[in-house]
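Just so you know, numbering that gives the first Met the number 0 puts 0 at position 1 of the sequence shown, and the rest follows in order with no gaps.
Hints in this document: simulated from the structure, not taken from any laboratory. Quick caveat: nothing in here was measured; it's all calculated off a predicted structure. Just to be clear, a hint being listed does not mean it is correct.
Stated by the list, open to error - No farther apart than 30 Å at their CA atoms in a straight line, the calculated lysine-lysine pairs in the BS3-like style are these:
1) Lys92 <-> Lys72
2) Lys72 <-> Lys85
3) Lys135 <-> Lys121
4) Lys92 <-> Lys121
5) Lys21 <-> Lys72
6) Lys85 <-> Lys121
7) Lys92 <-> Lys135
8) Lys135 <-> Lys72
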Amino acid sequence: MIKCPDCAIHLTDGTAQCPFCKRVLSRSTLARRVGLAVVILLPLMVVGLIALAARSIETRVLWGNTSPSVAYKAAMEYVQSAPGMKGAVNFSKLEETVVERWGPTRWRISGFADTQPAPGTKVHNLYSCVLRYDGKGRWDVEDLHFERIE
Numbered sequence: 000m001i002k003c004p005d006c007a008i009h010l011t012d013g014t015a016q017c018p019f020c021k022r023v024l025s026r027s028t029l030a031r032r033v034g035l036a037v038v039i040l041l042p043l044m045v046v047g048l049i050a051l052a053a054r055s056i057e058t059r060v061l062w063g064n065t066s067p068s069v070a071y072k073a074a075m076e077y078v079q080s081a082p083g084m085k086g087a088v089n090f091s092k093l094e095e096t097v098v099e100r101w102g103p104t105r106w107r108i109s110g111f112a113d114t115q116p117a118p119g120t121k122v123h124n125l126y127s128c129v130l131r132y133d134g135k136g137r138w139d140v141e142d143l144h145f146e147r148i149e
């Protein structure tokens, strides 16, 4: 037996509404479960959406600061300053170079760099350079390989 708090009338268990004063006595089990699910799941969903939005914004910001031509120029600087590259260095054009994006901050650039270590001498090199962009204008080399082509 339950008691209506307004009328003080005893009613049978499971009565949802007092027949005299129309006060809602208890919510149904389904309503309680739905309410509990909303209370638990809604904050989790909000946190998840905020995390996804933050990751999306971060990715857009980082990707927005880089382009194939910017990555290509950064690779040219590192290749030109490599110890094995002596003399003037002539690079293959951007259109002849393979520039691959490996995520929002990583790039792999492969192309040719011709050097002239001595007058009348020409060395044809294939290079592969993996770079990471820090989002603040700085590039770091993760990997740099050369192959001399005769």
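The hints, checked one at a time:
With a C-alpha separation of about 11 Å, the suggested pair Lys92 and Lys72 falls inside the 30 Å cut-off, and the hint holds. Only pairs whose Cα atoms come within 30 Å are accepted, and Lys72 paired with Lys85 is accepted, the gap being roughly 19 Å. Restraint check for Lys135 and Lys121: not satisfied, since their Cα atoms lie roughly 37 Å apart, outside the 30 Å limit. Restraint check for Lys92 and Lys121: satisfied, since their Cα atoms lie roughly 18 Å apart, inside the 30 Å limit.
Among the hinted pairs, Lys21 with Lys72 is inconsistent with the structure: their alpha-carbon atoms are about 77 Å apart, more than 30 Å. A hinted pair counts as satisfied when its Cα atoms are at most 30 Å apart, and Lys85 with Lys121 qualifies at roughly 11 Å. A threshold of 30 Å between alpha carbons decides the hint, and for Lys92 with Lys135 the separation of about 26 Å falls inside it, so the pair holds. The suggested pairing of Lys135 with Lys72 holds, with an alpha-carbon distance near 16 Å, which does not exceed 30 Å.
In summary, the numbered hints that this structure violates are 3 and 5.
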